[in-house]
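Read off the chains here:
2 protein chains.
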Amino acid sequence: MRKFASGGLRSLLIHSFQQKHILRPHHPSSSLSSSLPRFLSSSTPVLDFTPPSTSSMADPSASKLPVTLQNINPKILKCEYAVRGEIVTLAQRLQEELLANPGSHPFDEILYCNIGNPQSLGQHPITFFREVLALCDHPSILDKSETQGLFSADAIERAWQILDQIPGRATGAYSHSQGIKGLRDTIAAGIEARDGYPADPNDIFLTDGASPAVHMMMQLLISSEQDGILCPIPQYPLYSASIALHGGTLVPYFLDEASGWGLETSELKKQLEDARSKGINPRALVVINPGNPTGQVLAEDNQRQIVEFCKQEGLVLLADEVYQENVYVPDKEFHSFKKVSRSMGYGEKDISLVSFQSVSKGYYGECGKRGGYMEVTGISPDVREQIYKVASVNLCSNISGQILASLVMSPPKVGDESYELYCAEKDGILSSLARRAKVKDALNNLEGVTCNRAEGAMYLFPRINLPQKAIKAAEAANTAPDAFYCRRLLNATGIVVVPGSGFGQVPGTWHFRCTILPQEDKIPAIVTRLTDFHKSFMDEFRD
Amino acid sequence: MRKFASGGLRSLLIHSFQQKHILRPHHPSSSLSSSLPRFLSSSTPVLDFTPPSTSSMADPSASKLPVTLQNINPKILKCEYAVRGEIVTLAQRLQEELLANPGSHPFDEILYCNIGNPQSLGQHPITFFREVLALCDHPSILDKSETQGLFSADAIERAWQILDQIPGRATGAYSHSQGIKGLRDTIAAGIEARDGYPADPNDIFLTDGASPAVHMMMQLLISSEQDGILCPIPQYPLYSASIALHGGTLVPYFLDEASGWGLETSELKKQLEDARSKGINPRALVVINPGNPTGQVLAEDNQRQIVEFCKQEGLVLLADEVYQENVYVPDKEFHSFKKVSRSMGYGEKDISLVSFQSVSKGYYGECGKRGGYMEVTGISPDVREQIYKVASVNLCSNISGQILASLVMSPPKVGDESYELYCAEKDGILSSLARRAKVKDALNNLEGVTCNRAEGAMYLFPRINLPQKAIKAAEAANTAPDAFYCRRLLNATGIVVVPGSGFGQVPGTWHFRCTILPQEDKIPAIVTRLTDFHKSFMDEFRD
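Protein chains in written order, with UniProt numbering: chain C, 1 to 543; chain U, 1 to 543.
One chain only, chain C, in its complex shape (with noise of 0.2 Å):
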């Protein structure tokens, strides 16, 4: 590593003020936002989001206060993230009111199919991760006797190993800020193994969960709203939150929902150049695969395209492959961009590609531990260390989320005490969730519901064909026509679904992404309740 650009602290201080005159407006964006058209460019199909709130934006009560909505960073109010939304806020409250007076909704729990939160639903914990995290956490036990009665052999062993890659056996010490050494060695072999190409521990940059190493991404291209990102609509809501707080221009390329959510690099190509054509910079290219919220696993071909699209016009290739071991269909297959591009004889010269992972997926479903990496390639040593520099300011990521983006990229072998019971666990999680995955023909027998197989992922993302009369009474709630449909349903059935304003959908259709993880003995009660609901939604608003 070579020595940071310095001078920083000292560009940082005050100084008197010649560059007022360059200064932007103090809150540019957020004046702007409000008298714009809902949408932008005439090449594109307006998109539809749920028109703003006109909840208070002065708090006279607080008034002696210094930090108001009229004073905070505006990106921070430009932010949603509806995931965790407004229909999540109810549901949070109507479980309280549930449990504080029993019977008081005509449901008696909240079915939480917002999120891909598997083990909140039910879903066990892979038993041999878990004793090897408890034992990491507590090596005075390792050798004790009563250890062996506990823990199955192979994970003792993994955890001396473990162990043994920490300097000073620290569990409880800071890391290297891209993660220990030796479960970055762990981790690009499991990555060679999956693809047949050979992966460098020090491209890998271990952070807790996905999410934090895209805010990296976003931070590190995005300078000013002129630098654009090329995201996939419907998203995954955290990129646009992501580009809303970095500053930057989220430039929408459509997957198609007619042929499956298909990736046409047509598409790309025109949004692309739509883009140019209004001063935008398109610094890269998001793309989700296996696909959240629509489910859909690339083909290998389309992949190729993809790769040489991004290479033609220069623009980094964001692999959000977090959904790698999750593909539920005999006729597609996961394949890295890591391996495409590979396969297609580019390397580190050619294309700039970052990998997302995470623990939180997959059959692990391990949300709670924050575990995730990149693996960051194709990027020039010196923008390597800025990326470096900003991991370090935070020093960290967790360890125990560190031990276990190792052990998922490394499970039990054939011939390991676990290996039986680690596949068991593992093809039983997966099958279910394959099962799980055709409700999607209970929902296209919902009057004016269309809804495309789930190939991989954890979601449905049905369409809703809504009565004129649903969308004129969600205008006059004040509220997008889908955000009305889900929050009819929360309040009818307690199933927490979000609605497809929050990931973004061709204007004037509706839809609302589902989770496939409530277990499945509760599959058959939920679709009986989905239907019943609709129904009578219908029933009230038919045209």
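Hints were generated in silico from the structure; no laboratory data involved. Note that CB positions come from ideal geometry on N, CA and C, so glycine has one too. Be aware that one or more of the hints could be misleading.
[Said to hold, decoys possible] Lysine to any residue pairs mimicking SDA-like chemistry, simulated, CA-CA at most 20 Å apart:
id	chain 1	residue 1	chain 2	residue 2
1	U	64	C	384
2	C	181	U	109
3	C	64	U	64
4	C	349	U	69
[As the list claims (entries may be wrong)] Listed below are several chain C residues computed to face chain U (Cβ distance under 7 Å; list not exhaustive):
id	residue
5	76
6	146
7	211
8	465
9	468
Based on these hints, arrange chain U on the given structure of chain C.
Relative to chain C, chain U alone:
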């Protein structure tokens, strides 16, 4: 929680550039910083910082790749984080060389005194904390008979309590974005017991260590370069780094070395007015108590003045209280700013106060667990909703860190099985740190070195009166004189310390920060190595 201001996604999207004229120029600050005087205000002494690196700003070999130092976010280039900077990179290289080629340097190990990372230097974790963490990681052993033999009864009981606070006992699920409610209840009770004033669990935001909490507040308060944050000089460089990354202005106030790093409100007032006269809008005051890198513990009376100052000037008080357990002198005591402000009769409507706490410091030193919280008070509900929204974009902090944060605020009590061991471990660590803080006497014995006592925290910050000849030699080597000294020290002894220029210091003065964390049996050898080095350095450069 009310609805978030919406319409964000919409205004993020690419639009025809009516607003082109109000975009700020692409890299305003980077183009300015190089032409700026080293400092800035006639009323403030000039600060010293390491001169800008002249390392290559272009890498011709990577020219085909789309990301270069010229087109990344210039705020990242401005950011510096000395604690893991250049000297540490050199240390890592020397360590590798020692490993590959023992005897290649005049020392046989690297002593990392650069960072407050106790367990990396041999400090053991508190047994009770680790027992509870291990049991929560693998709850299925909780009711096995062998577990009774391996774990203390109160750790088992505590693990059950914690699991019962987690919906579905799912330690692998995302939690509420502020952290698990039951754990926040425990923390609030701990704060209340500490201060004697009520604490509200809804004011607690659990985070992955204190750093993300600091970033969140900077992100909230900083909209542009015009927003200033008052920071002590010397300061912990997380603050300067975070202000740089969010594009604000650091407004320095100077601690008075001569009076044991005293914090005078007259100095605060002077700097505040100076900043305002330059068009800067100071939003917040950072106070680090006990001090980092300076080790002073504020007197309660002084704290009252600071609270009064913030209240009158409309500043948010950002209180870094992560060293609250680290006080080593009988004549000083830690008082939280919350307690001090409440004792003055100031409540929610009077003072905006954010207190940061971490599991990384204290006697626990669990840096790798990344646990911490901020307690946010005197912030109106609508603004707090925005903080919640930002927290929700990253879903939640890691659950083990959350659990540990609850444990440090609610350790074993008299009568618990673990109590005796817990006290012995805690007292052993704190009394040893108090003894190690006396290394300052050895530093004061060195020619031209003066060092205030460390009343608290984990650092000494000696001042070195460097000879002119050394300053000239540093200039010739294009480095700051203190960095020159620290580099020489590392190369000669393997001891890693951080140059004062990374923290800020009164111009013309030179310091370094050194932790008091090496184990006691190593201290005599460290003192000898340091003394020998310093003598030979002075012999070489004495004027």
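Okay, the hints, checked on the actual structure:
| no. | hint | result |
| --- | --- | --- |
| 1 | U:64 - C:384 | 16 Å, holds |
| 2 | C:181 - U:109 | 19 Å, holds |
| 3 | C:64 - U:64 | 55 Å, violated |
| 4 | C:349 - U:69 | 16 Å, holds |
| 5 | 76 | 5 Å, holds |
| 6 | 146 | 4 Å, holds |
| 7 | 211 | 5 Å, holds |
| 8 | 465 | 23 Å, violated |
| 9 | 468 | 23 Å, violated |
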